[in-house]
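Engineer: Let's have the full structure, built from the sequences with the hints guiding it.
For reference, the chains in residue letters:
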Amino acid sequence: MTQSDPILQLIGVSKIFAGTQALRNVTISVRPGAVLCLLGDNGAGKSTLIKILSGVHPPSAGAMLVDGVETRFSSPREARAKGVATVHQDVGAIPLMSVTRNFFLGAEPTRGWGPFRLFDSSAAAVAALAAIREFGLTRVTDGEQLVGTLSGGERQALSIARAMYFGARVLILDEPTSALGVKEAAKVLSLVKAARTRGIGIVFITHNARHAMAIGDDFVVLNQGAVAASFRRGEKTREEVLDLMAGGDGSEPRPDLEDDA
Amino acid sequence: MFAASFVYLFFAVCAWRAGFVSLNGTAAWLDTSAEVGIVALAVGLLMIAGEFDLSIGSVIGATSILFAIGTNHYQMNPWIMLAMCFALGAVTGLVNGAITVKTRLPSFIVTLATNYALIGAALGFSRLLTNTTSSSIQTTPGVELLFGSQWGQANVAVLWWLALTVVATIVLWRTPFGNWVYATGGNESAARGAGVPTGFVKIVLFIVTSLTATLLGVIQAVEFHSGNAANGQGYVFEAPIVAVIGGVLLGGGYGSPLGVFFGSIIFGVITVGIFYAGWNTDWLMLFLGALLLAAVLANSYFRRLALSEG
Ligand SMILES: Nc1ncnc2c1ncn2[C@@H]1O[C@H](COP(=O)(O)OP(=O)(O)OP(=O)(O)O)[C@@H](O)[C@H]1O
Ligand SMILES: [Mg+2]
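Line order of the protein sequences matches chains A and B.
If you read the first sequence in the working numbering, its first letter stands for residue 1483, the second for the next number, and so on.
If you read the second sequence in the working numbering, its first letter stands for residue 3, the second for the next number, and so on.
Treat the hints as calculated values from the structure; they're not laboratory data.
Just so it is clear, CB atoms sit at the ideal spot from N, CA and C, and this is done for glycine as well.
Do not rely on the hints blindly, as some may be mistaken.
Chain A side only, calculated, beta carbon under 8 Å to chain B, not exhaustive [what the hints assert, rightly or not]: (1) Ile1576; (2) Gly1588; (3) Leu1600.
Structural biologist: Shown next, in the form of C-alpha cells:
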C-alpha cells in the first residue's frame, strides 16, 4: 500500500430518512496527509455525510471502505476504535468539567484492581496537558481548569489534540471555523495543517470558501444530497467554487456572490 | 459548609436553653439530617446527571408497608421481606429509568406519574389485604441491628448516611462512572459522542435512587415498628431542595456528595432547631423557601463565575 492510498472511502452512498433523500450516490475518498474539503449550502447533506463516516447512521445504500476493505461502523465508538474521530460542530466539550476530565471522557485511565479500579487523575492530567501543549494550547497549565473558561478556538484545539492522542487516522471537523473570529480561525487552520503534516486524513466541512481554499487538497461540493463537483487543489477558482456552492454549474463565475466571511 | 456552620450557630444561640446543643439535641438533628441525607444524596447524583426523581416518596411508603404486611400479616421471614422491598425499589428505579431514557420524556413527569401510581397501588393493596394502610412489623435481631440500632437518641441512619456519602464521593471523583455522571448532565449529546453510555448511567442512578428510598423506608419502618403506605411524601420535594441547598445545579452537570451532605445538615439543623427554639414549626417552610431561593441564586452566580474566561 502506498502513502496516498485512501484510508476511508464512500462508494455510491445514499441515505434516505423517512421519505427525504439526504444523500444520493455519493462517492468520496479521504487520503492520508490530505485535507478533503466538504462544501455545500444549508441542507446539502454535509452533516448526514459525516454522520455516516463517523458511525452515527448506517448508509441506506452503497459501501464504505476502510483501507480498501468494506466496513460497517455500528457505533461512533467503533468508528473511533478504527481511527475515525469526529469533532462535531458544538465541539463536544463539557463546560463544567475540567480539561483533564474532558480530555479522557469515555476513555478514562484507571489504576488499581477489579472493582477498586480508580480514575488515575494525576497521570491523566499530565498526559492531557502534554497533548494539548503540542497543539498550541499553552495557556492551560492546570488540568483542573474548567473547559467553559476556554475560548472557541482553544476548545477546537483541545478536541483535535484529543482525537490525535487517541490515535485518529481520519479526523472529521464539522464547521470548525464557523463560530470563530479571524484570529482564532487562523489558529485552527494551522492546527489542521499540523495534523495533516503527521499524515492524518482530514475531512473539513465548511461554508466558508476562503477557509476551504486556504487549506484544502481535495474538494467535494454537495448540492441537494448529490456530489455537484469533485476536484483537486488549483483546478477551480474561488469564484467557480462559490458558484457551485450556490447551486450553479461552476462554469461561469458569478460576481454577485460574495463568500460569507 | 460556611452556611451550615452559620445556621448551626444561629440555632445554637436561639435554642441554647432548650438544649439544642446537648447530646440529645445533636442526635435529633443528626437523625433528621441523615434520613433526608440518604435520599438527597442519590437524588443529588441523579440531578447532576440531569434528571429528577419524584417517586422516592411512594417508594419509601410502599416498601415500609410491604415490609410490615409481609412480616406481620403473613409471618414471612424479615430477611426475605427485606429482599422483596429492595427488589421493589430496584424495579421502580428500572421502570423510571427505562421510560425516561426510551421516551426522552422529562423525568419530572415520568416520576411524578410513578409516584402517584405506586402510592395508589400501595394504599389499595394494603387496604385490600389487611383492611388498613398501616401495620406494625416483626423483625429479627439482625434486621434490628442493621436498620434499627440506636445509641441514645441517635439512629443507625446516621451511619448509613456517612457511609453512603463516602462511597458516593469516591465513585463521583475517582471512577470513570463518576466522570460519566458529570458528563451526562453537563452535555448529554457530547457525552454520548465521546462514547459514554448515557442511558445506562441514568438507569443505574434511577435504580440507586429508588434503592436509597427503600433503605429509608425500611429504616423508618424498623425505627417506628410500623409501616405506613402514606409515609415519605414529604421527601419528594425535601430531597431535591436539600440537593440544591448543597450546591447541585438544577440544570445538571455540577454538584458534589459533600455539598449535599452539608445541605442535609442545614436541613436537619433548621428543622430541629425551630422545634427546640420553641417556635411554631410553620416557620420551617418559610426558612426552607428562602434558603432554596438563596441557594439557587448562589449556584447560578458561582456557575457563571466558574465559566468566565480566565
Ligand atoms: N434524522 C433525520 N431525519 C430526517 N431528515 C433528516 C435527518 N437528518 C437530516 N435530514 C434531512 O437531510 C437533509 C440534509 O441535512 P444535513 O443536516 O445533512 O445538511 P447540512 O449540509 O449539514 O446542512 P447545514 O449546513 O445546515 O448544517 C435535510 O433536508 C434534512 O432535513
Ligand atoms: Mg450540518
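Engineer: Of all the hints given earlier, name the ones this structure violates by number, lowest first.
Structural biologist: The structure breaks none of the hints.
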